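Engineer: Model the full assembly from the supplied sequences, consistent with the hints where possible.
Which chain is which? The protein sequence lines are A, B, C and D, in order. Just so we're aligned: 14 in full-length UniProt numbering is position 14 of the first sequence, and the numbers increase by one with no gaps anywhere. Just so we're aligned: 31 in full-length UniProt numbering is position 31 of the second sequence, and the numbers increase by one with no gaps anywhere. Just so we're aligned: 68 in full-length UniProt numbering is position 68 of the third sequence, and the numbers increase by one with no gaps anywhere. Just so we're aligned: 75 in full-length UniProt numbering is position 75 of the fourth sequence, and the numbers increase by one with no gaps anywhere.
What the hints contain is simulated information worked out from the structure, not anything from laboratory work. Incorrect hints may appear among the rest.
No copy is singled out in the list; a pair is fine if it fits within one copy or between any two copies.
[Said to hold, decoys possible] In silico lysine-lysine, DSS-like type, Cα no more than 30 Å apart, as pairs:
| hint | residue 1 | residue 2 |
| --- | --- | --- |
| 1 | K64 | K26 |
| 2 | K26 | K86 |
| 3 | K25 | K61 |
| 4 | K3 | K86 |
| 5 | K64 | K86 |
| 6 | K3 | K64 |
| 7 | K25 | K93 |
| 8 | K61 | K86 |
| 9 | K22 | K86 |
| 10 | K3 | K26 |
Predicted model, so just to flag it, every value in this text is computed and none were measured.
Number of protein chains: 4
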Amino acid sequence: MAKMVVSLSVTPLGTGSTSLSKHVKKVTDIIRESGLRYRTGAGFTDIELDSYRQLADLLDKIEKTLVDMGVQRISYVVKIDRRIDKELFIEEKIARAEGI
Amino acid sequence: MAKMVVSLSVTPLGTGSTSLSKHVKKVTDIIRESGLRYRTGAGFTDIELDSYRQLADLLDKIEKTLVDMGVQRISYVVKIDRRIDKELFIEEKIARAEGI
Amino acid sequence: MAKMVVSLSVTPLGTGSTSLSKHVKKVTDIIRESGLRYRTGAGFTDIELDSYRQLADLLDKIEKTLVDMGVQRISYVVKIDRRIDKELFIEEKIARAEGI
Amino acid sequence: MAKMVVSLSVTPLGTGSTSLSKHVKKVTDIIRESGLRYRTGAGFTDIELDSYRQLADLLDKIEKTLVDMGVQRISYVVKIDRRIDKELFIEEKIARAEGI
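Structural biologist: Structure below.
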């Protein structure tokens, strides 16, 4: 069960390289290790969450890890789909968008 | 002082009207009453915040108010600019973008 | 080859229902029929594109279809990753984020 | 008159500095010189536009200028509010959000 599906994009700024794979991979590791249900996309990672607090805790972990890698500025883009009338699931949202 | 500038867009879905002014005004009221430094734009409201937890608490308040108005689904878009190397201020960011 | 990966979210407003599956499925149909390489996510659809004009043409088609369905207001969120130094591919971006 | 209000954020990647003021100022210059009605925010610049093609042309100009400055990767976040039932104005949207 999930009360919201959050689509998260994390971009470290000022790293001096157009390649951000190293940082993005670390962010994926943190999400995976958190035990949350997620799915990686090209622009955003979809994550099933149950509260805004849970999102805040995840962002804290991501910031800590990136700062440990030397990052001094982070840009996040977050889209939250929060339904009160029913549970949300990543796979169900995708199946419906595909008309399956 | 602020550790991050958050640009927040809140859209209630399924309200049955193309006009969302009533809901958007309520969201602005919540931000104003929270005592945070903010600035309303056409697409996003910029807010100075000090932690992701503070953002989570604000989203909880917004959700509670919209649900009390009968809203059953909410779409948020959030851009977070988090600098570790210096404090961020809404007015300073705008002045620099304008080249003032 | 693709010069940019665009992550696109399309939300019809004022439809009177919290369910948007019918509209979202139509948008996916348009993207599929356009022959572009794409991948559906829960929050965004990733699309490989070669110019901003191509994106504009796609948005025109989407608007036309939604308006034909009776939609009177549309909210789009678009993230564009544009690299000048190398070609971008959806699958490669995902593989790198997953550390594969 | 404007058929859409576009909120635009432009971030050059791989510049090697956490400060992006120089690039952001250039983007504001391009928007100003284009003669479009706009308003600078901390996270996004709101712009009144009449077509997706007009947006594509603006992004082309911005890319050209940033590439001339040496930028090799650009991340854009774009929110488009498109109403078919009425004209949109930046100032009116802000006034309504503020409850004026």
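Engineer: Does each hint fit the structure? Answer for all of them.
Structural biologist: Status of the hints after comparison with the structure:
Taking CA atoms no more than 30 Å apart as the test, K64 paired with K26 passes inside one copy only; the shortest distance there is 11 Å, against 32 Å between copies. Taking the shortest Cα distances, K26 and K86 sit within 30 Å of each other only across copies (22 Å), while inside one copy they are farther apart (32 Å). Taking identical chains as interchangeable, the C-alpha atoms of K25 and K61 lie at most 30 Å apart only when both belong to the same chain, with a minimum of 14 Å there against 32 Å between chains. Taking identical chains as interchangeable, the C-alpha atoms of K3 and K86 lie at most 30 Å apart only when both belong to the same chain, with a minimum of 8 Å there against 34 Å between chains.
Taking the shortest Cα distances, K64 and K86 sit within 30 Å of each other only across copies (16 Å), while inside one copy they are farther apart (33 Å). When the C-alpha separation of K3 and K64 is checked against a cutoff of 30 Å, the pair qualifies both within a copy, at 26 Å, and between copies, at 14 Å. Taking the shortest alpha-carbon separations for K25 and K93, both the intra-copy value of 25 Å and the inter-copy value of 10 Å come in at or below 30 Å. Proximity of K61 to K86 under the C-alpha cut-off of 30 Å is found in both arrangements, the shortest distances being 29 Å within a copy and 20 Å between copies.
Taking the closest pair of Cα atoms, K22 and K86 come within 30 Å of each other only across two copies (17 Å); inside a single copy the shortest separation is 37 Å, beyond that limit. Taking CA atoms no more than 30 Å apart as the test, K3 paired with K26 passes in both settings, with 26 Å inside one copy and 23 Å between copies.
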